[in-house]
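Peer 1: One-letter residues, chain by chain:
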Amino acid sequence: MKKEYNVIGKSIPKHDAHIRVTGKAIYGHDIILPNMLYGAILRTLHPSAIIESIDLSEAKKLPGVVCIITADDVDVNNIGYKRDHPILKKGDANCIRDEIAAVAAETKEIAIQALQLIKVKYTVRTGVYDAFDALKESAPQINKFIGGKFENKNIAEKFHYEHGNLEQEKKNSAHIVSRRFTLPRMTHACMATSNITAHFNSVEKKLTLYSSTQVPFLYQRDMAHALKINPSDIRVIQPVIGGGFGSKLDIHPFEPICALLSMKTDRPVQILYSREEEFIASPIRQPMVIDLTAGVDKNGNFTFREINIIKDNGAYTSWGATTPFVIMQAFSSLYQLKACKFDATAVYTNNVFAGSFRGYGNPQATFALERVIDLLAEKLDMDKAEIRLLNANKKGEITGQGLYFDTCGHKDCLETVISKSNYHTKRLTKQTGRFKNGIGLASMLHVGGGAKIYRSDGCGTILKIDPYGYCTIITGSNEIGQGSETVLAMIASEELGIELDKIKIINTDTDVKPWDVGVHASRTSFVAGNSLLGAITILKEKLNKKAAELLHTSSLAFDYSDTKIISLETHEAVALDKVVREMHFSSPNELAIANYFYEPSSQFQDKNFKGNVSGTYAFASQAIEVEVDTYTGNIRVLDIHVAQDVGKVLNPLLLGGQIEGGIMQGVGYALTEELLMQEGKILNPNFHNYKMLTAADTPNIHFYPIETIDKEGPYGAKGVGEAPLIPTAAAIANAVSNALGLEILDLPITPEKILQALSLQKQTTTLKTNPISK
Amino acid sequence: MEFNIVNPKTKSELLRAIRKETTFRFGAGCTDLLMELKKKPVENLVVINLSFVVDSRFTGLKKLAKSFWLGAMTTAHTMVMNEQIKNDFNVLYESAHNLASTQIRQVATMGGNLCTASPSGDIACALMALDASCHLLNDAGVNSVVNIHDFFLGVRKTILKKNEVLYGLTIPTNKKQTKTVYSKFIKIGTRRSMECSVVSLAYHIQVNEEGVIIGAGIAIGASAPTVRSALSASGFLIGKNIHLITEKEKEELACKIVSYAEPITDLRATAWYRKEVLLNISKSIFE
Chain E
1 MKKEYNVIGK SIPKHDAHIR VTGKAIYGHD IILPNMLYGA ILRTLHPSAI
51 IESIDLSEAK KLPGVVCIIT ADDVDVNNIG YKRDHPILKK GDANCIRDEI
101 AAVAAETKEI AIQALQLIKV KYTVRTGVYD AFDALKESAP QINKFIGGKF
151 ENKNIAEKFH YEHGNLEQEK KNSAHIVSRR FTLPRMTHAC MATSNITAHF
201 NSVEKKLTLY SSTQVPFLYQ RDMAHALKIN PSDIRVIQPV IGGGFGSKLD
251 IHPFEPICAL LSMKTDRPVQ ILYSREEEFI ASPIRQPMVI DLTAGVDKNG
301 NFTFREINII KDNGAYTSWG ATTPFVIMQA FSSLYQLKAC KFDATAVYTN
351 NVFAGSFRGY GNPQATFALE RVIDLLAEKL DMDKAEIRLL NANKKGEITG
401 QGLYFDTCGH KDCLETVISK SNYHTKRLTK QTGRFKNGIG LASMLHVGGG
451 AKIYRSDGCG TILKIDPYGY CTIITGSNEI GQGSETVLAM IASEELGIEL
501 DKIKIINTDT DVKPWDVGVH ASRTSFVAGN SLLGAITILK EKLNKKAAEL
551 LHTSSLAFDY SDTKIISLET HEAVALDKVV REMHFSSPNE LAIANYFYEP
601 SSQFQDKNFK GNVSGTYAFA SQAIEVEVDT YTGNIRVLDI HVAQDVGKVL
651 NPLLLGGQIE GGIMQGVGYA LTEELLMQEG KILNPNFHNY KMLTAADTPN
701 IHFYPIETID KEGPYGAKGV GEAPLIPTAA AIANAVSNAL GLEILDLPIT
751 PEKILQALSL QKQTTTLKTN PISK
Chain D
1 MEFNIVNPKT KSELLRAIRK ETTFRFGAGC TDLLMELKKK PVENLVVINL
51 SFVVDSRFTG LKKLAKSFWL GAMTTAHTMV MNEQIKNDFN VLYESAHNLA
101 STQIRQVATM GGNLCTASPS GDIACALMAL DASCHLLNDA GVNSVVNIHD
151 FFLGVRKTIL KKNEVLYGLT IPTNKKQTKT VYSKFIKIGT RRSMECSVVS
201 LAYHIQVNEE GVIIGAGIAI GASAPTVRSA LSASGFLIGK NIHLITEKEK
251 EELACKIVSY AEPITDLRAT AWYRKEVLLN ISKSIFE
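Residue numbers (our numbering), protein chains in the order written: chain E, 1 to 774; chain D, 1 to 287.
It should be emphasised that the hints constitute simulated quantities derived from the structure, not laboratory data.
A virtual CB, placed ideally from N, CA and C, is assigned to each residue, including glycine.
To be clear about the criterion: a stretch of chain D counts as covered by chain E if any three or more of its residues have a C-beta under 8 Å from a C-beta of chain E, and this derived list gives those stretches:
1) 178-192
2) 261-270
3) 273-283
Just a sample of chain D residues kept apart from chain E, beta carbon distances all over 12 Å, derived:
4) A17
5) T59
6) L61
7) I238
Taking the hints into account, I'd like the entire structure generated from these sequences.
Peer 2: The following block contains the structure:
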């Protein structure tokens, strides 16, 4: 029987909603420290050049300039996942973001003015702006900090995975489809631009960083390595964060640069990006070319997939290079599959480097995979819904890669969106005239219980109740807008019977909070929620003992409700705050405090990338209806039906927000968003030409949560944050293909590409790539 | 970005400021100006802020005997809210309604949209289809009138001399015999708001009781160095019965409109796309 909850499952508004909408939230941009300086960074003029000389003399003379640093002035280590990224560049400029010098000045205006007075002599080189060109023997070595590990000097990272008998499954296939897919650069476009305030105290030799990082403890470690200081001498404080979406998983050069300026000047220093700088110098979704060959037997069962991916790594290696961890999961394990061979290669170029981005490679993979599933169904003359239902993942399945689906809502998700969208009727509606409608399907699989990619995927909690009955949750996890604070408060309220407004969350200070690996992989509610539940169990044991004493009962069975502890045996109650006071102030004088560290049951994958990497897995399906204007090529998304296996709905309001926000990011990826580059330079570093969609473009979103109540999750819940974005572009592409009878092999599907394809439809059915986006 | 501001409050203060300042720009809603100055600062610049000038002709809307007066400082929002514009000059209403965002429409002005002389100026394009007349004022206080077809010289260039300011414009009232008006602004872009036109088409076609076209204005935007009036296309329609226009005539009309287009390829679209779309939407006028 389903348990009834008092708080869990209710639409509780976000804990921090009021301070955000009333402008009271303190973002990094709002911080002003006494005696603070303002930093600014000089970036290269050329994406590939030799830096011959840097002349600071004029800039140093400018009144108000306090400090200017170049690579020659600092003793630091490289940063980045491969430690191949110098904080300040010397000798070579390899990317248009490259930091040449940094200024600290009394005002931001003076700092910017000083940048204009720095004279840099460059010898411009011919850059390499295409990953395939970079793999040629004749290409120069782009990044000199690693090399020798792989067969080609410009390979940054490689992944190989396989399961099953590929050759046998090729023979078993009735049809085989091969296609090449090209995926664009997309930027996070966080509402708050990148920011940091660094304060080095030269007396205590301690560094405090007010930073928007998503991973404060890894950040502390990486920053310490970069600056050659002790990690515990760094205190990371997170102000309110105006958007993360994965962009703040890596540390970026401006952060140690700000710390260095503070250490050099012995004054606090702040660096804030302008919007243009944000477009140019913050990370992106990894662009890649995916070659996918897939087979199906005569009955419609998927047989094999063979994948070869070339990723444009840019000039330096970030966490973005590791997206194949997730990409291979989609290819190996989304729908039941007998054999898979996967290769991905990250290749250095003189382009801007990628970072992590909500979905972590999965939107790219799912786009290619779900397009090919449509093509396989066409070859078989099989219904596109039926082929998906036939191959859908199921409960109890252990995939070729070793992912174990203890719960699995995949088939329920598919059936729900197929029925709710009226898929079968709409699919067959013949279109005439200017506007043509189409409907498309896609599913996704993503980690739903963290992802063990670091030694621990755990999270710590310290929980206390004060003598007034207020509860403080000190959690390792942090809030980046996803709503985890609210969910944690709801869990405490549910379990302890304390009103939500008497629950405080402390989660912004590494000197105070216990360890957590960070906000990524849709993990926070799952991992931090379980961690909190563990702490609550321990604290309740203490409270129960004291309550039993006060209520003169030998039974330790209690209910916590309405700020009271009620004996299930005698039905007598005592106020929670009274119990706490008695604990504190009477013998044996104990604090109402508990701590707990939760580590998910997931495994670290072996060197062949096999193993059950997550505590649980999330599934989702989307059916999307579009209307294409054949006069203009514009695609209007009409209705999005999304069913998602969320385990258990903890808060419908917040969940709806995650779903809608994710979907709009997916629609942007499908239709409009692309950071355009030419010869290593960004052509559209502004919202005018980087087309993020607006509220007016929002389609009707119909959300159907599927509850599978996973035993690993808090109340059965799974991670939800990334999933809504992942299948959207694939479903839209399938819908457009259904409307027009065109093949779609790259994103975004711009009006221009549609009109070009329509005008060429008689000769070819392949969409052309906009030459400017190459 | 640094500049000085002068805030004339009367017409005479405005004229005095124009006479006095040497390196100056007019600021109306400043929605384009601030962007421009941020990108390309001008040393010792004075911005003559027009938004404090108290003058009902400069800021207001008024129905005159044979025309409709639109002060240069009329905001896009005011145009959207005006019933007469909506009823009589729908093309203008639509161009203002789809301009940028709600916030920008509160401050962006008709005069600014015209004087910026962007090839993709939406309000300018609509006003061209309405055959508006521009009323200029020089620093000596002398008025002159120029037809909107002669107002634009090129990308961000107008006929305004340094000592002149656009004061307002008049739109001819719809003809007495007009029974139905087909008036529309078609804006093509990627987004449904916050968008700069990739191509635009404005038309204002007046039809009498019998269905005969007795007035026609057609203009194109984002397709040439300036917004352009497709005069031969408008002329082609005069005297035709709107209910009897043949497919061949629709094609001919579209070709005439497209003949005015000299689009460029930029980040937002190729010249090919702009022409193709313009042809398609031109055909759609009578659909």
